[in-house]
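Visitor: If you read the protein sequences in the order shown, they are chains G and L. Counting from 1, position 194 in the first sequence corresponds to residue 195 in this note's numbering; the numbering is continuous, with no gaps. Counting from 1, position 136 in the second sequence corresponds to residue 164 in this note's numbering; the numbering is continuous, with no gaps.
Source of the hints: derived by calculation from the structure; they are not laboratory data. There may be inaccurate statements among the hints.
To be verified - Taking lysine-lysine and the DSBU-like style, the derived pairs with C-alpha atoms no more than 30 Å apart in a straight line are:
id, chain 1, residue 1, chain 2, residue 2
1, L, K30, G, K269
2, G, K185, G, K5
3, G, K212, L, K39
4, G, K285, L, K30
5, L, K34, G, K193
6, G, K269, L, K39
Here the structure is a predicted model, which is why all the values come from computation and not from measurement.
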Amino acid sequence: MSQKYHVIVIGAGSTGTATAHDLALRGLQLTVIERGEIASGTTGRNHCLLHSGGRYAVTDHEGAVECIDENLTLRQIMRDGLELNDGLFVAVDESDLAFKDTFLEGCASCGIPARDIPVKRALEIEPYLNPKILGAVQVPDGVFDPYRFCLSFLATAKKNGATVLPYHEVVGLLMSGQAVSGVKVLDHRTGKQYEIGADLVVNATGPWAGKIAAFANVDVPVLPTAGVMVSISKRLNQMVVNRLNKPHDGDIVVPQRMTSIIGTTSWKVDDMDAIHIPQEHVDKMIEFGEKMIPALRDNPIRGVMAVARPLIGKKSADEREVSRTFAGFDHAHDGVENFVTISGGKTTTARGMAEKISDIVCAKLGVSAPCRTREVVLESYRSYYNN
Amino acid sequence: MKLNLKIYRYKPGSEPHYDTFPVDVPETANVLDAIERAWDDLDRTIMFRHACHHASCGSCGLLVNDQEKLPCVTPVKDYGEGATLKIDPMRNMPVITDLAVDASPIYQRMALIGLPIIRDAETLRADGKEPLPEGLEAFRRFENCLECGLCLSACPVMATDPQFLGPLTLAAAERLLAEPRGVDIERIYRLVDDEHGVWRCHSSFECTEACPYEVYPGEAIMRLKRKVGLRKIKQFFGGA
Ligand SMILES: Cc1cc2nc3c(=O)[nH]c(=O)nc-3n(C[C@H](O)[C@H](O)[C@H](O)COP(=O)(O)OP(=O)(O)OC[C@H]3O[C@@H](n4cnc5c(N)ncnc54)[C@H](O)[C@@H]3O)c2cc1C
Ligand code: SF4
Ligand code: FES
Chain G
2 MSQKYHVIVI
12 GAGSTGTATA
22 HDLALRGLQL
32 TVIERGEIAS
42 GTTGRNHCLL
52 HSGGRYAVTD
62 HEGAVECIDE
72 NLTLRQIMRD
82 GLELNDGLFV
92 AVDESDLAFK
102 DTFLEGCASC
112 GIPARDIPVK
122 RALEIEPYLN
132 PKILGAVQVP
142 DGVFDPYRFC
152 LSFLATAKKN
162 GATVLPYHEV
172 VGLLMSGQAV
182 SGVKVLDHRT
192 GKQYEIGADL
202 VVNATGPWAG
212 KIAAFANVDV
222 PVLPTAGVMV
232 SISKRLNQMV
242 VNRLNKPHDG
252 DIVVPQRMTS
262 IIGTTSWKVD
272 DMDAIHIPQE
282 HVDKMIEFGE
292 KMIPALRDNP
302 IRGVMAVARP
312 LIGKKSADER
322 EVSRTFAGFD
332 HAHDGVENFV
342 TISGGKTTTA
352 RGMAEKISDI
362 VCAKLGVSAP
372 CRTREVVLES
382 YRSYYNN
Chain L
29 MKLNLKIYRY
39 KPGSEPHYDT
49 FPVDVPETAN
59 VLDAIERAWD
69 DLDRTIMFRH
79 ACHHASCGSC
89 GLLVNDQEKL
99 PCVTPVKDYG
109 EGATLKIDPM
119 RNMPVITDLA
129 VDASPIYQRM
139 ALIGLPIIRD
149 AETLRADGKE
159 PLPEGLEAFR
169 RFENCLECGL
179 CLSACPVMAT
189 DPQFLGPLTL
199 AAAERLLAEP
209 RGVDIERIYR
219 LVDDEHGVWR
229 CHSSFECTEA
239 CPYEVYPGEA
249 IMRLKRKVGL
259 RKIKQFFGGA
């Protein structure tokens, strides 16, 4: 029945692809539009940490609970995009060690399974750890492959009828009165522009969300904050290694395939397409990373990358917020109908974000189908290329 | 560091040509950073594939001066100040536009074999006897093969036989025969023991040369040929 409604999702990062999957499962007709390759924005270049929530257990209860919930859900539905080797939080100095009990209490209160393990044991498991560490706690962190993460959601959405248009850039929104009625796209494969009509448009363009919203004269205040990651030419850990303390720069080393990636920092940028990486941020990664894994300094750097967090400044009226951990706006509040924006959050929590925005989309369209993304096992990422 | 990028441009229906873009990037940059610089500063219509920027997603493969490369981990330093880098899309795959190829030939081949992307990790210590953390049966990790397709691009057989299974596919089959992970071995033997399969390879080893990630597809195909051959001999003498 609801196939009569056509929804366009702009942006094929983790948020847009998870949203497309959710809405396609609810029976809507979907078109996903992405200006470049799938996951070529923030998602592809992120740190690849499937958060257990440990990182936020003390400072952000709600964020941590969301992480562990989504982490456990993804383990059930995503068969081939996750490396699940857990994570260690290691105490490098006395202040870290003093934080341990607070950390364990935080994890317990958020429902994150955490196990205090002897230092000797941690060093047996991870021989490249700093032999002078003072404590270690094991949590169910994991690692995802962001490209395949997005392909899995899209493969499943395609199976449920969605159309995916990569290399298509949205260059304008079609308006009918005060309502959005579609998008104008530039097809980069041909260089031609054309229009696609829709009953509703979801703006899932991460740090670019403000630019898309501006096409409808809506203000979405984005504060792009870049973060750098340094990939080392050898894999020095099997588990994710975190610093046992409050979140800080350079306090996570994520292993993936044959690399260890140190991250991250945070600085404000004006243009998320032109992030110039300051050398001191790279130096800082090595300096902080080697406190946990000294050999990080002895192996050559394989690559350095940076992307901008899609942080959205708060709007004044709180009713517009669907969650504290990410930003979702129904722009009817700004006087523009059939147009919603979803941004912020994490790749780890993409499914949950998609559920919330899809609930709003369906309520607006009068579609009653419930969310099924917790149960439905995703297609293999490879089947994205089936046709 | 100043470089010139001579980039292949193609829109379906029009003649392919090259556009040259002068860029200035830090000494530590990789070729992908330079392409992104050209896209950002000079021409927003250059289309190229990329996601992870650290040799993990396998999406960015292309040719630099006619050699298969993952530009995200190819330092510009390798080419030197003032160099002109000729950048082309991979071979043996349909070009969608500019440097962006249709990756279906890569993924469909891998789907045919069905190599699970998750495997047991070789552990980090030489003695291989590390105890595992409670709650984990094994350390797992993603397969080495990034499914980047550089081997398909470099393979001279692919150029003459588009139905050839291809180096990555045969290497994946060999991995499965060595570590089946629940996959039907008989099906794999049937797939590779074929005129477009393992026997088509004439061991030029261009694939191993192109592979960025220690898969050594050429060597894997040699092992696979031996395995398939031995099995045929055994079957001929009535063995299993
Ligand atoms: C440095 C850093 C490290 C991080 N590490 C982690 C981590 O380890 N784990 C984790 O869970 N999260 C992590 N995050 C958070 C996570 O990366 C982001 O929250 C998430 O990727 C956002 O996804 P998105 O889909 O909203 O945005 P994006 O991935 O940016 O997707 C938006 C898409 O929209 C496209 N687009 C833009 N404009 C247009 C247009 N006009 N037309 C068509 N398409 C357009 C872009 O090309 C892009 O692909 C990290 C973030 C940063 C910055
Ligand atoms: S075998 Fe090597 S070159 Fe071929 S797809 Fe895999 S990683 Fe790429
Ligand atoms: S961008 Fe992912 S492999 Fe190069």
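Visitor: Broken hints, numbered, in rising order?
Guide: 6
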